[in-house]
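Novice: Make a model of the complete structure from these sequences and hints.
Number of protein chains: 4
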Amino acid sequence: MPDTSITRIEAEPGQYGYTFGGREPIAEIKPGTLISLRTLDCFGGKVRSVTDLPSQVCEFPYLNPVTGPLYVDGARPGDTLAVHIVSLTPASPVGISSTFPHFGALTSTSHTPTLQPPLEERVWLYDVDLDRQTVRYQASRSDYTVDLPLEPMLGTVGVAPAASEVRQTIVPDVHGGNLDTPLLGPGSTLYLGVNVPGGLLALGDGHARQGEGEVCGVAVEIAMDAVIVVDVIPGVPTATPRLETDTRLVSLGAARPLEDAFRISQDDLVRHVAQLTGLDLLDAYQLVSQTTEARAGNVVDPQYVMSAGIDKRYLHGAAAYHGAHDQLRAVVRSG
Amino acid sequence: MPDTSITRIEAEPGQYGYTFGGREPIAEIKPGTLISLRTLDCFGGKVRSVTDLPSQVCEFPYLNPVTGPLYVDGARPGDTLAVHIVSLTPASPVGISSTFPHFGALTSTSHTPTLQPPLEERVWLYDVDLDRQTVRYQASRSDYTVDLPLEPMLGTVGVAPAASEVRQTIVPDVHGGNLDTPLLGPGSTLYLGVNVPGGLLALGDGHARQGEGEVCGVAVEIAMDAVIVVDVIPGVPTATPRLETDTRLVSLGAARPLEDAFRISQDDLVRHVAQLTGLDLLDAYQLVSQTTEARAGNVVDPQYVMSAGIDKRYLHGAAAYHGAHDQLRAVVRSG
Amino acid sequence: MPDTSITRIEAEPGQYGYTFGGREPIAEIKPGTLISLRTLDCFGGKVRSVTDLPSQVCEFPYLNPVTGPLYVDGARPGDTLAVHIVSLTPASPVGISSTFPHFGALTSTSHTPTLQPPLEERVWLYDVDLDRQTVRYQASRSDYTVDLPLEPMLGTVGVAPAASEVRQTIVPDVHGGNLDTPLLGPGSTLYLGVNVPGGLLALGDGHARQGEGEVCGVAVEIAMDAVIVVDVIPGVPTATPRLETDTRLVSLGAARPLEDAFRISQDDLVRHVAQLTGLDLLDAYQLVSQTTEARAGNVVDPQYVMSAGIDKRYLHGAAAYHGAHDQLRAVVRSG
Amino acid sequence: MPDTSITRIEAEPGQYGYTFGGREPIAEIKPGTLISLRTLDCFGGKVRSVTDLPSQVCEFPYLNPVTGPLYVDGARPGDTLAVHIVSLTPASPVGISSTFPHFGALTSTSHTPTLQPPLEERVWLYDVDLDRQTVRYQASRSDYTVDLPLEPMLGTVGVAPAASEVRQTIVPDVHGGNLDTPLLGPGSTLYLGVNVPGGLLALGDGHARQGEGEVCGVAVEIAMDAVIVVDVIPGVPTATPRLETDTRLVSLGAARPLEDAFRISQDDLVRHVAQLTGLDLLDAYQLVSQTTEARAGNVVDPQYVMSAGIDKRYLHGAAAYHGAHDQLRAVVRSG
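Residue numbers (the numbering used here), protein chains in the order written: chain A, -4 to 330; chain B, -4 to 330; chain C, -4 to 330; chain D, -4 to 330.
Just so you know, the hints here were simulated from the structure itself, not pulled from any lab data.
Be careful, since some hints might not be right.
Because identical chains share one entry, a pair is satisfied inside a single copy or across any pair of copies.
Said to hold, decoys possible - Straight-line C-alpha distance at most 25 Å; calculated SDA-like pairs for lysine to any residue:
#1 Lys307 - Glu5
#2 Lys307 - Gln51
#3 Lys25 - Pro88
#4 Lys307 - Asp122
#5 Lys307 - Ala134
#6 Lys307 - Leu125
#7 Lys307 - Glu288
#8 Lys307 - Asp124
#9 Lys25 - Ser135
#10 Lys25 - Leu48
#11 Lys307 - Gly318
#12 Lys41 - Leu310
#13 Lys307 - Arg136
#14 Lys307 - Leu178
#15 Lys307 - Glu146
Every value quoted in this text rests on a predicted model; they were computed, and no experiment measured them.
Specialist: Put into structure tokens, the structure is as follows:
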């Protein structure tokens, strides 16, 4: 019987990380154990009012802190880590968003520079109503308000990269990182390939909600109380992050240009479906072509993210990763 | 009271078109009148079995035929055409898909050439069950089958381009064309800017269903009996195609690389939301950032398509194009 | 013996074109005959001083006029047209350049939109000194001047597209068009596939000089007196424009993103070298990899252009297109 | 008087690195001192015959070894390192090239995946003739040979990245890395921004020659005896690598898609020219537009490289980095 008591991980102020890789674990965790932890918002809590401009109160590159890394008992290179998100509860009554000079999809950036001046930097605050499960958009230049559904998610979940690389947490890649997909909320399981002993999982960048593409570059950022449970699938590698919910099997691709993120996600889904169903590669290509959901994660980071998702009903009951998602769901229910 | 009798447009065999622009209208239609017409499948009906390989039975560039163009009474350059899709009924019991040499997102193509040999060309047939509203996927190399929902849509709807251009129907751009978004089904209204007198609307490329991105390049292609109704919004230009359903307001972008299609769709949605709500541009940018759905249309054509959609509830009742969508819905209900 | 008297083509004011395709020929020309004609600058002569802002004095889409089309005797679909540029002489003492709102590589554009305001629109005039073969750059906000070499070229040379398409002259593609490569100067031969009887060649957009990439979107634009001679290579198709000088064999690729333009140009050069030398495809790939020059044409138009060039000395004397370039050079020398 | 005796750096077998960042310096060097060192070929010397296929004899990620890092005395974050290449002499009589599965620009890759099988893996050997300064291309499937000029260069030169990142040596970015530009040969000076104390310079990946774009992914790879001399420009940051020769001032951009590498290089050159000449930004944009050389570095790595170069004659004698290039040249002449 799995141990379903909750283990609390406490990160000390100096323990938050700004990279995947290059850091010592702050704790060791056991597969199958419920883990509770706090994640900071992407500004590290430094933006508290509309006059706290991120470029003034934050210090580059100390953005997008993650909690961790966590050493997962028994995880070895070549394994896969299954990270199930049990619950996400905003740990602040206020979510924050902003424009940020030369960051976002509708502005010139350091990757897509132009000679134009930057957009104005501006901060928006969103009141969170946990009872109604909403966040309130409040325009900055008029009194227009509208309540939006609270749909909590984690923007950044990843492990130490392969090949001794160390990457800023803002970068999404095959090790995970700043994936920024709204699919990564409670009830979903993220699969990440393990590159180093213990995997060295870290997570953060909670969003009270986010549009697909995260076009201005900043979601409704908020500190989050997260409960997760992790499993190790030994001897099964994962080339690019995958994700599973009760109804969807998803592959994620991180790359530029965006069509390459699309290609990576679709190619991986085709190969995964072929492996799970026994379909030959072109038959799987065909099935995926008629059924896939192809949605933007972020289109603002050093690499962009696309997801390719398929309804699990079309897979005749085939279970990804030996049924890891269902087993983790069972852990939660028995907890 | 609008005239809601149905006008039948019959295209003679030689009347199907392979371009937007460069052709004389085959009929004149009146705004507010229900129009019924038949569209051919993208192969022009020439692929009838799994041994009919498109590269052998079809003759380039005679692919993706459209029905039209239709001269819309009163449409003038600078106006917008609102094309409401009332119903789409498969006109064949069998849908067709295929791989096609050097076409699709997971193969090298003429735009993204490599020195590798092409993928195998193969055809799949899908039995349509109108009662159960399904199409049946049947693997070509095993007996794996699965029923998928029938979700009919039109891949290609457009008008004559600006600047005297003539474009193949396979090309999506600001004049519409091969947009290939699953959003373009019954109950949706497509908005297209008018470039020439009468607009010269044409449509075709029915899909029994399609995955987002249309990754293999070919949906479940099928001839379609379509009923549409068209309106003209005088003096209101439309820079890039937009689309509206009962719940969503959507902007479409067509470009390469895919991030530019994303940028175009999001930029247009931001500006549209600003105009409809009175929000200043950065406030609209913020609202869109937290709420947008960003989904792939096709990622296989000479230009790729992304959609940016927002839930109309967040717009405080503001009505796009003076409420054209609701008015066209009313025409249908009174018909 | 070829007829080497010079035939003068005179385009009347109303005869300049803004598209490839969709127009009747203004003259018929014979292969092997020297042809003399005048091309207008890309502004059609309407920008005459630094206060003539293009967005005010020009009318979209009436930009980038071409002289032609010329019906080439004997050219049939499937043939290749060899267009040899004998000489280019500026027909004005002043070249013109400008920034243009939302056009150029270091600004947001209609293809890569942002929410930033456009760059300032500004005009620069360049005095041409034919004796010294220079053009003089004169800063607009200081008295900095510098003389640059006069290196005349044609930005736009093309034929009617395939598949009944009509494209604005600003678009480079497989039919040629706005290629904007500095390689297209006197002494070079451009090879274009013929899509319609007579080919329907048109040319224009003379540049007194241009940087690779044409980063601000506008070269040193100038009306040009051009002498050309054309040949038809029957039964030899050309998939993407190629170019030859006395020392270089070049393939051009037009696409977005820019890596696809690179891929198209390199893929075509590899295949061309394999065909000319008898090398197998991977051997040709290897030879090209170590020797190619890969340079930007324009990175500002609806499609971008890259060139892939190889020194002809590495080809063991193999002659492209049955030696068309040398034969056209001979025509000139005997003229 | 500078110390112009030559300091020899010897890297022990275990001391070669596969990352920028994350490693301790192997030696400390003084600015203004001639440094002699050996670089390995990109295969670490493991490919010795045409039957040594890289995917079999090399172990990922142990490719592209660099010699270093070298701690440069006095270099501090915010400074710029000027790395002048005095001479490059092949340290092997044979250069090596290859195709490599799913690597190169004319094949599908892990970034641009397709369902096609990979190209054949094949090795080519090039005999080096130091007297004639040539390398001999020898086809693998015929007896076609041709001598190509020996044009030695270093593919990979970089420093430790900012923000505690560690990157594989195959990645070009703002810290340098696998830039793969033929401009980086003897007589050129590379400018790199310093991110950590000592800069931590490392270099390798010698090429006997390389085509622009390095289209098959592998140049004529060879171990190299290099002599360099380094200077520190205190208090002058460098945002993206720059390069200077006796005649050219160049900015490099590393990004995907390739147009962003182009934009970064051109944007940086415009700003550099503006700073050096006092021209306002649009005047510099104009001057660069008419004079720039825009050439591909590599179009095969995780990020692509473009160069933007301008003839120094157009800069009225303005000296970049306080004349560092000329001073380093003087060190060499006095050595």
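Novice: I'd like to know which numbered hints this structure contradicts. Please list them from smallest to largest.
Specialist: 1, 2, 3, 9, 10 and 12
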